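Chemist: Sequence:
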Amino acid sequence: MQLRDWGLVPYAQTFDAMRAFTEARQADTPDELWLVEHPPVFTQGVAGKPEHLLMPGDIPVVQTNRGGQVTYHGPGQVVIYPLVDLKRLGIYVKEYVFRLEAAVIQTLEALGVVGFRVSGAPGIYVRLADPFHAGAPAGPSQDPFAGLGKIAALGIKVAGHCTYHGVSLNVAMDLQPFERINPCGYAGLRTVDLATLGVRAEPRDVAALLAERLAAHLSR
367 MQLRDWGLVP YAQTFDAMRA FTEARQADTP DELWLVEHPP VFTQGVAGKP
417 EHLLMPGDIP VVQTNRGGQV TYHGPGQVVI YPLVDLKRLG IYVKEYVFRL
467 EAAVIQTLEA LGVVGFRVSG APGIYVRLAD PFHAGAPAGP SQDPFAGLGK
517 IAALGIKVAG HCTYHGVSLN VAMDLQPFER INPCGYAGLR TVDLATLGVR
567 AEPRDVAALL AERLAAHLSR
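If you're matching positions, the sequence shown starts at 367 in the working numbering and goes up one per residue.
These are calculated hints, taken from the structure and not from any lab test.
Please read all numbers here as calculations on a predicted model, not as lab measurements.
Take the hints with a grain of salt, since some may be wrong.
Below, in silico cross-link-like pairs of lysine to any residue (SDA-like), each with a Cα-Cα straight-line distance of 20 Å or less [what the hints assert, rightly or not]:
#, residue 1, residue 2
1, 460, 484
2, 523, 387
3, 523, 376
With the hints as extra help, turn the sequences into a complete structure.
Modeler: So, in structure tokens, the structure goes:
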């Protein structure tokens, strides 16, 4: 699997490039991981509802063909787009999503943070009261996100068994733009980054960890 680090690139440019790469793929085209950072942008999924965009203000909104609702990308966030042939890998979409989430969980674990899944809400979450030693909150709750913060988001597109879009992990970024949206369509959901949790890490170092874990999970 080839890793390509594109640096800081406008989202729309990357979106067009991913789509073109996928459309041009052949059966023997090697899989790739694209590591990028985006200038501030809100991206809206195919089923995105406009009411989840509260106050976008001066930040552009880009319509995409990925799944999910609205999210935010910006400097200080690690974004990796796996361009993977699922048929060749021998897995289906549900397993693919599981592996993406596992890679994020393992990356956080390497940094001392406990990340976990929430049923029916793709992405990775942390328990805000104790992100270093606690797992998912125990017991029933009227609010499935009570006491939680979202630290990583997923959004994918599969065309001809091949994936694009991918995963974003918040490292050290300006989180204020997340307050201008209902993140991933959930009103009141708090979004956090590693810096907020007290973890000092360079985005480039976290990107290397996540890329290594993704390659391990997505290679034959």
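Chemist: With the threshold set at 20 Å, check whether the alpha-carbon distance from residue 460 to residue 484 stays at or below it.
Modeler: Judged against 20 Å, a Cα distance of about 15 Å means the pair holds.
Chemist: Next pair to validate is residue 523 with residue 376; report whether the Cα-Cα distance is within 20 Å.
Modeler: holds (19 Å)
Chemist: Going straight from one Cα to the other, do residue 523 and residue 387 come out at no more than 20 Å?
Modeler: Answer holds: residue 523 to residue 387 is near 13 Å, not above 20 Å.
Violated hints for the displayed structure: none, as all numbered hints are satisfied.
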